[in-house]
Amino acid sequence: MRIALFATCIADAMYPQAPQATVRVLERLGHQVFFPPDQVCCGQMHVNTGYLAEALPVVKEHVRTFSPVLTGAWDAIVVPSGSCTGSIRHQQGMVARRYGENALADDATAVAARTYELSELLVDVLGVTDVGAYFPHHVTYHPTCHSLRMLHVGDKPVRLLRAVEGIRLTELPNAESCCGFGGTFALKNADTSTAMLSDKMAAVKATGAEVLTAGDYSCLMHIGGGLSRTRAGVRTMHLAEILAAEKSTGGVAADAVAAAEASEAVR
Amino acid sequence: MTTFLGVPLRRKPEPELRHPNPLRGSESFPQAARHELANTQLRANLAHATSVIRAKRAEVVNEVPDWEALRDAGSAIKADVMVRLPELLEQLEENVTARGGVVHWARDADEANKIVIELIRATGQTEVIKVKSMATQEIGLNEALEDVGIAAFETDLAELIVQLGHDRPSHILVPAIHRNRAEIREIFLREMGDAPPGLTDEPRALAMAARAHLRRKFLQSKVAISGANFAIADTGTLAVVESEGNGRMCLTLPETLITVMGIEKLLPTWQDLEVFMQLLPRSSTGERMNPYTSMWTGVTPGDGPQEFHLILLDNGRTRALADTVGRAALHCIRCSACLNVCPVYERTGGHAYGSVYPGPIGAVLTPQLTGTTGHGDPNASLPYASTLCGACYEVCPVKIDIPSLLVMLRARMVDEDRGRRIPDGWSAAMKAASWIMSDAGRFAAAEKLTGVGRLVAGKKGRISSLPFPASKWTAARDLPSPPAETFRTWWARERGES
Chain A
1152 MRIALFATCI ADAMYPQAPQ ATVRVLERLG HQVFFPPDQV CCGQMHVNTG
1202 YLAEALPVVK EHVRTFSPVL TGAWDAIVVP SGSCTGSIRH QQGMVARRYG
1252 ENALADDATA VAARTYELSE LLVDVLGVTD VGAYFPHHVT YHPTCHSLRM
1302 LHVGDKPVRL LRAVEGIRLT ELPNAESCCG FGGTFALKNA DTSTAMLSDK
1352 MAAVKATGAE VLTAGDYSCL MHIGGGLSRT RAGVRTMHLA EILAAEKSTG
1402 GVAADAVAAA EASEAVR
Chain B
1061 MTTFLGVPLR RKPEPELRHP NPLRGSESFP QAARHELANT QLRANLAHAT
1111 SVIRAKRAEV VNEVPDWEAL RDAGSAIKAD VMVRLPELLE QLEENVTARG
1161 GVVHWARDAD EANKIVIELI RATGQTEVIK VKSMATQEIG LNEALEDVGI
1211 AAFETDLAEL IVQLGHDRPS HILVPAIHRN RAEIREIFLR EMGDAPPGLT
1261 DEPRALAMAA RAHLRRKFLQ SKVAISGANF AIADTGTLAV VESEGNGRMC
1311 LTLPETLITV MGIEKLLPTW QDLEVFMQLL PRSSTGERMN PYTSMWTGVT
1361 PGDGPQEFHL ILLDNGRTRA LADTVGRAAL HCIRCSACLN VCPVYERTGG
1411 HAYGSVYPGP IGAVLTPQLT GTTGHGDPNA SLPYASTLCG ACYEVCPVKI
1461 DIPSLLVMLR ARMVDEDRGR RIPDGWSAAM KAASWIMSDA GRFAAAEKLT
1511 GVGRLVAGKK GRISSLPFPA SKWTAARDLP SPPAETFRTW WARERGES
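If you read the sequences in order, they're chains A and B. Under our numbering, the residue at position 51 of the first sequence is numbered 1202, and the numbers go up by one with no gaps. Under our numbering, the residue at position 392 of the second sequence is numbered 1452, and the numbers go up by one with no gaps.
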């Protein structure tokens, strides 16, 4: 399949390892990945904070960038984020319609229909659960709210993880409870957000896992930020990174090695 | 040790608690939440209570094979009610009147309270008993009655605890959820007047003390005030569902019954009740069926109250009905399932919302009912009191899409604020971000600035302190050092495209 990658703004700028790993996994499965260079953001931050007028140009740019999928340039669009996929599917059309941009709204809906969160693409569209990954670590999985309740990905991510060779997977207690990120909620209601974060961190620690994984780097930034602050000894990795890890590279994604080296070199 | 001397102790209520606005707190949600989060008793009670009730609800909902179809039906019936509200209300009035009831229309809280006061005065009574009712809390009825020398006694156990404690309800269904049994014992001994001296904090002992206390009220009172869970337009029937039997006592023993009901509580036909009687108990208390369901239609000669008044309350509902967000919020049947699953409510409790309607539905409903007056209005902060995690929508028995409604309300707050002389930090930041994020070239240029972040992070590889407003983040969380290379740059270098 010819698959266009929407890296998401946050992963592009802060967590390139997630889209890199997404590319590796899909290529390993024999698919062709494209990166439309005009892409930036789905507009979710603006929408969820109430700045719908400001979201409109962001949505417009996203739809314009990915509309070639409608004329067969690609077969599907993949997003390594449940939350951004949810915004594309449930918010972009609404924003366009609110400002009378009906053609844009129709395009947004049509593009959204071809847009898949990573686990959806792998399991539903490509029909695989074993992607040939090797990751000999103790892992727990946090099902992010929008993956769970906007997209209804269900156990797809867990099925993908279970098929990973060498992995030890422990269920996260109260997994379905929000971590308290909520985008600008973490700033506007910082105290409540922190209260939720501390409960989520306690649940993560209770598993004894070494790695916390999820399908969204935004939530992982939040929980990981707390785990880092408290020196909890648990690291965060995107689902894609675990799925990209291979035996040949010692259980890490090939790019992770390169990125670490590049990072050291710059420092 | 407390020694009971047989003299009822009446502690002077706190001045600020005397007549709080039932629909508007004095602080914004983030400020109020900060205090509540520090209340360890509250946190422990809520964590326990919400997790128990969540599990109970899940169990009884999962055993219903057509639950989703029931939710669809509930939602459709409510949508129909909202579209035909004027006509259905007139039908209700006609049927209640035909069966010997008297219908009154109240534009707002003040009008409703005045009607109730006049009706009570006409009976010559100075004491009334009450069935737990959100509508009468919303209009501050007890306080209004107190001001004119009428004592209103709450008969629902939790509501009684709140009333005796000069407290505010913190949950729609379990208003004393923030209290534990030791506190309840203290309140009973201090305020009840006739609590047995050796009262322990055993739940049964507390319940028996309340029972004996209330029994006397039930037998003495000539006037009762209730709310209503449902009113059926085509029969003129009213329904109250409850767990303790206090409602049944209030609805049957007194001579005069006064019911205050929000105009949105209507159902078109008797048969519609079938859907809601399946949805409501499972959603609210996690029971297959509530213990007591009382229904009455006007007045039945020789049986029950011989005088029945129904007060139909607007109090902002017509305004809410006029817009799409408000209209959806009026579908609410006050089951409180959304409170019980909300991760924000679970930590802050109900008082942080400053309204008798707390939790996710409160964050939507309260600003709808009151309207908001810009940034300084505590109710303007309510739509932001959510991570939009979607747990509320998932459990709502009438499928109110609360997260989407919250987003629409946020948009309204932002739009109302446009054109202020000095834009606040948020709107300036959001405008700048919009400009950057609608163009890949500008975004790539902005990404280069993350090099500053790398400097801040230094050799530690993490950022632990940033200036305001990012300090809100770094107060409890690190940020990783930005990567040496963005994905965009990596792709261009690796794949030679773009």
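Hints were generated in silico from the structure; no laboratory data involved. All values reported here derive from a predicted model rather than from experimental measurement. Wrong hints could be hidden among the right ones.
The list that follows gives simulated cross-link-like pairs (lysine to aspartate or glutamate, EDC-like), each with its CA atoms no further than 20 Å apart [unchecked claim]:
| hint | chain 1 | residue 1 | chain 2 | residue 2 |
| --- | --- | --- | --- | --- |
| 1 | B | Lys1508 | A | Asp1189 |
| 2 | B | Lys1282 | B | Glu1251 |
| 3 | B | Lys1174 | B | Glu1476 |
| 4 | A | Lys1339 | B | Glu1187 |
| 5 | B | Lys1520 | B | Asp1484 |
| 6 | B | Lys1174 | B | Glu1187 |
| 7 | B | Lys1282 | B | Glu1206 |
| 8 | A | Lys1339 | B | Glu1545 |
| 9 | B | Lys1532 | A | Asp1189 |
| 10 | B | Lys1282 | B | Glu1367 |
| 11 | B | Lys1459 | B | Asp1294 |
| 12 | A | Lys1339 | B | Asp1437 |
| 13 | B | Lys1116 | A | Asp1189 |
| 14 | A | Lys1339 | B | Asp1383 |
| 15 | B | Lys1459 | B | Asp1140 |
| 16 | B | Lys1491 | B | Glu1476 |
| 17 | B | Lys1532 | A | Glu1327 |
| 18 | A | Lys1211 | B | Asp1499 |
| 19 | A | Lys1339 | B | Asp1477 |
| 20 | B | Lys1459 | B | Glu1119 |
| 21 | A | Lys1339 | B | Glu1206 |
Okay, the hints, checked on the actual structure:
1. Lys1508/B to Asp1189/A: 17 Å, holds
2. Lys1282/B to Glu1251/B: Violated, at about 23 Å.
3. Lys1174/B to Glu1476/B: Status violated; Cα separation ~34 Å.
4. Lys1339/A to Glu1187/B: Distance ~46 Å between lysine 1339/A and glutamate 1187/B Cα, so the pair is violated.
5. Lys1520/B to Asp1484/B: 34 Å, violated
6. Lys1174/B to Glu1187/B: 16 Å, holds
7. Lys1282/B to Glu1206/B: Within the cut-off at roughly 17 Å; holds.
8. Lys1339/A to Glu1545/B: Answer violated: lysine 1339/A to glutamate 1545/B is near 30 Å, above 20 Å.
9. Lys1532/B to Asp1189/A: The given pair, whose Cα atoms are some 32 Å apart, is violated under the 20 Å limit.
10. Lys1282/B to Glu1367/B: Holds: lysine 1282/B and glutamate 1367/B sit about 11 Å apart, inside 20 Å.
11. Lys1459/B to Asp1294/B: Roughly 25 Å separates the two Cα atoms, so the pair is violated.
12. Lys1339/A to Asp1437/B: Between lysine 1339/A and aspartate 1437/B the Cα gap is close to 15 Å, so the pair holds against 20 Å.
13. Lys1116/B to Asp1189/A: Violated, at roughly 50 Å.
14. Lys1339/A to Asp1383/B: Judged against 20 Å, a Cα distance of about 27 Å means the pair is violated.
15. Lys1459/B to Asp1140/B: Holds - the C-alpha atoms of aspartate 1140/B and lysine 1459/B are around 14 Å apart, at most 20 Å.
16. Lys1491/B to Glu1476/B: 16 Å, holds
17. Lys1532/B to Glu1327/A: Given that 20 Å is the threshold and the Cα spacing comes to 25 Å, the pair is violated.
18. Lys1211/A to Asp1499/B: 10 Å, holds
19. Lys1339/A to Asp1477/B: 17 Å, holds
20. Lys1459/B to Glu1119/B: 19 Å, holds
21. Lys1339/A to Glu1206/B: 39 Å, violated
When each numbered hint is compared with the structure, violations occur for hints 2, 3, 4, 5, 8, 9, 11, 13, 14, 17, 21.
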